[in-house]
Amino acid sequence: MARRLIWLALALALACLLYMTVNARGSWSFLLPFRGQKLAALVLVGASLSVATVLFQTITENRILTPSIIGFDQLFIMIQTVLIFMMGSADYAGLSALLLFAVNVGLMSLLGLVLFTLLRRGARGEMMRLVLTGIIFGVFLRSATNFVQRLIDPTEFSVVTTVTYARFNTVDALLLVLTTVVTLPALWAAWRMRSRLDVLGLGDQIALGLGEAPRRGQSIALVLICVLVASATALVGPMAAFFGLIVSALAHVITPTERHAILLPCAALTGAVVLVGGQTLLERVMGLATPISVVVEAVGGALFLFLLLKRRRA
Amino acid sequence: MIRIRNVSHKIGPAPILHDISLDIPKGGITALIGPNGAGKSTLLSLIARLAVLREGEIHIDAMKIGEVSDRELARHLAIMAQSTHVSARLRVEELVGFGRYPWHRGRPGPGDRAIVESAIERFGLGPMRHRFLDEISGGQRQRAFVAMAFAQDTDYLLLDEPLNNLDIAGARSLMRLLRQMADEDGKTVVIVLHDINYAARFADRIVAMHEGRIAANGAAREVVTDALLRDVFGTDAEVSLHEGHPVVLV
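Chains as they are written, first to last, in the working numbering: chain V, 6 to 319; chain W, 4 to 253.
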């Protein structure tokens, strides 16, 4: 299995190389930092969303859930919609990237924290209650957002649509640095708890019997998930919904194991390969016709149905 | 020794246990029996800290439940919960390997591997060690979980109705393995059983519970009587003696 990780790393290197070099016209002094920044964002977002999804699936003991179910994406869309509605698109565009990032990460982490407190207070079956609360909350946010979007000026609405699709076409250098500073420690912490995650995946009672208090582990994992998803979403926009699902399903196929020592790096690498490879195809071969998140949603939706149906048969 | 003092417990408003005090001595097999809803599983969950103890005290040797850390307790007490459903797709040897987790916390050494190997061999799991848990029979799965608890290498082993869904061959072989663990390895086994005959045949001591209280406590011959069946279980089945062991004629 370790060998498969090496192959994945090679695939990632190849994808990065292709991304940097295909259709490279113009001076390298411009291309290198321009493409390099986007590449870094792709790798970072791919890895953090995938790791967050694996963490979420482990603590919920459910392979078809992703963190987006607790409403991160919806909240992001709502924040942008409300900001544009209140300030107008001109002022919104004039907001400093740093401020916007802080607002987005702050509010999304707050949402995570609220749900997290809920988890701590509950007595039994708290994980499922958390998930269900998240779903309901997501629906509420979506409806509220839709309502605001009805009120909004049509030209402003087109701005909302643009900023609420995940894009990698423009990546702010400062944001990239911020996201890296936040994301890397979280990924490291996830790696550090790999053995604990193995035990937590056995279910609450068995984990407790082995001396691993499930609540504590779940809480730590949940904080990491919030940080990873919030910063990735603030950087490029909402794409956690199906992307994580695709990657974790792929990772389970590539390395069929429950050991997080293998699964976490595998998911991170797979996520990066899928994003970088996909973006290379879209940007360079298909001429930037569609944002990658649209493709991800389409493929992911089909995969989700497939996983559901396959499960029923088993 | 497991020392239980003045333990009461409620689930919601419903009282489940009333002021229970009980000593479970070290060594041998102690069976908790009683009709449905008597509080056997609740008592076991409290000892295993699977449920939070609110009233009363439970000590396991010098460790007090609620104060001792989960990690520390996991090195002295292994639990086999009622449900052995694991959503993760694990192979038999991986499951048994988890038994060592309280000792190595994710970094198994050669000593840990040797213990896992001996557990796999002892419980006859060698031929199926690479199979997935959902590909083996219920009896084999129960055995794999007991092997995991064995690998945990604790003085105490608590089991909550491990014979559920087992046929007679599976149930007897599991009970014999527990008997062996008590006799040869000096483990203290506390087991919740539904079937009085299994308790009478394999346990050294029987604790009968009734409506959240201890109804009887002692050797099988003293506890399993016509009176117990009538008063505690509410049935008029007869007890007969076979080679010194009481047998309930159902």
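Hints listed in this document are in silico derivations from the structure and should not be mistaken for laboratory results. One or more hints might be untrue.
Below, a sample of chain V positions facing chain W; criterion: calculated Cβ distance under 7 Å [as the list claims (entries may be wrong)]:
#, residue
1, S148
2, I157
3, P159
4, E161
5, D177
6, V204
7, L207
8, Q210
9, G214
10, G216
11, A218
Straight-line Cα separation of at most 25 Å, SDA-like style, residue types lysine to any residue; simulated pairs [to be verified]:
#, chain 1, residue 1, chain 2, residue 2
12, W, K29, W, E187
13, V, K315, W, K29
14, W, K67, V, I267
15, V, K315, W, K67
16, W, K13, V, V304
17, W, K67, W, V55
18, V, K315, V, V304
19, V, K315, W, S140
20, W, K67, V, V304
21, W, K13, V, Q210
22, V, K315, W, H88
23, W, K29, W, R92
24, W, K13, W, H62
25, V, K315, W, H62
26, V, K315, W, K13
27, W, K29, W, N200
28, W, K13, V, R134
29, W, K29, V, G216
30, V, K315, W, E187
Please read these numbers as outputs of a predicted model, since none were measured by experiment. Glycine included, every Cβ here is placed at the ideal spot set by N, Cα and C.
Hint by hint, here is what the structure shows:
For V/S148, the interface hint is violated, since its Cβ never comes within 7 Å of a Cβ in chain W; the closest pair sits about 32 Å apart. The closest approach between the C-beta of V/I157 and any C-beta of chain W is roughly 44 Å, which is over the 7 Å cut-off, so the hint fails. Annotation: interface hint on V/P159 violated; nearest CB of chain W at approximately 48 Å, more than 7 Å. Interface restraint check: V/E161 against chain W, minimum CB-CB distance 46 Å, threshold 7 Å, status violated.
Checking V/D177 against chain W by beta carbon gives a least distance of about 39 Å; that is not within 7 Å, so the hint is violated. At a threshold of 7 Å, the smallest CB-CB gap from V/V204 to chain W is about 6 Å, leaving the interface hint in force. At its closest, the beta carbon of V/L207 sits 6 Å from a beta carbon of chain W; the interface hint therefore holds under the 7 Å criterion. Annotation: interface hint on V/Q210 holds; nearest CB of chain W at approximately 4 Å, less than 7 Å.
For V/G214, the suggested interface contact is upheld, since its CB lies about 4 Å from the closest CB of chain W, less than 7 Å. Among the interface hints, the one on V/G216 holds; its C-beta lies about 3 Å from the nearest C-beta in chain W, closer than the 7 Å criterion. Interface restraint check: V/A218 against chain W, minimum CB-CB distance 5 Å, threshold 7 Å, status holds. A hinted pair counts as satisfied when its Cα atoms are at most 25 Å apart, and W/K29 with W/E187 qualifies at roughly 14 Å.
With a C-alpha separation of about 49 Å, the suggested pair V/K315 and W/K29 falls outside the 25 Å cut-off, and the hint is violated. Only pairs whose Cα atoms come within 25 Å are accepted, and W/K67 paired with V/I267 is rejected, the gap being roughly 38 Å. For the given pair, V/K315 sits about 47 Å from W/K67 by alpha-carbon distance, which is inconsistent with the 25 Å threshold. Under the criterion of a C-alpha separation no larger than 25 Å, the hint pairing W/K13 with V/V304 is inconsistent with the structure, at around 50 Å.
Only pairs whose Cα atoms come within 25 Å are accepted, and W/K67 paired with W/V55 is accepted, the gap being roughly 13 Å. Between the alpha carbons of V/K315 and V/V304 the distance comes to roughly 16 Å, so the proposed pair stays at or under 25 Å and holds. Of the pairs offered as hints, the one joining V/K315 and W/S140 holds, with about 22 Å between alpha carbons and a cut-off of 25 Å not exceeded. Between W/K67 and V/V304 the alpha-carbon distance is near 54 Å, which puts this suggested pair outside the 25 Å criterion.
Restraint check for W/K13 and V/Q210: satisfied, since their Cα atoms lie roughly 20 Å apart, inside the 25 Å limit. With a CA separation close to 20 Å, the supplied pair V/K315 and W/H88 stays within the 25 Å bound. A distance of roughly 36 Å separates the Cα atoms of W/K29 and W/R92; the hinted pair therefore is violated under the 25 Å criterion. Pair hint W/K13 plus W/H62 holds up; C-alpha atoms about 20 Å apart against a cutoff of 25 Å.
For the hint linking V/K315 to W/H62, the alpha-carbon distance of about 48 Å lies beyond 25 Å, and the restraint is violated. For a cut-off of 25 Å, the pair hint linking V/K315 to W/K13 is broken: about 42 Å separates their Cα positions. Restraint check for W/K29 and W/N200: satisfied, since their Cα atoms lie roughly 23 Å apart, inside the 25 Å limit. In summary, the hint linking W/K13 to V/R134 is supported, as the alpha carbons are separated by about 22 Å, within the 25 Å threshold.
In summary, the hint linking W/K29 to V/G216 is supported, as the alpha carbons are separated by about 22 Å, within the 25 Å threshold. Our distance criterion of 25 Å between C-alpha atoms is broken by V/K315 and W/E187, whose separation comes to about 47 Å.
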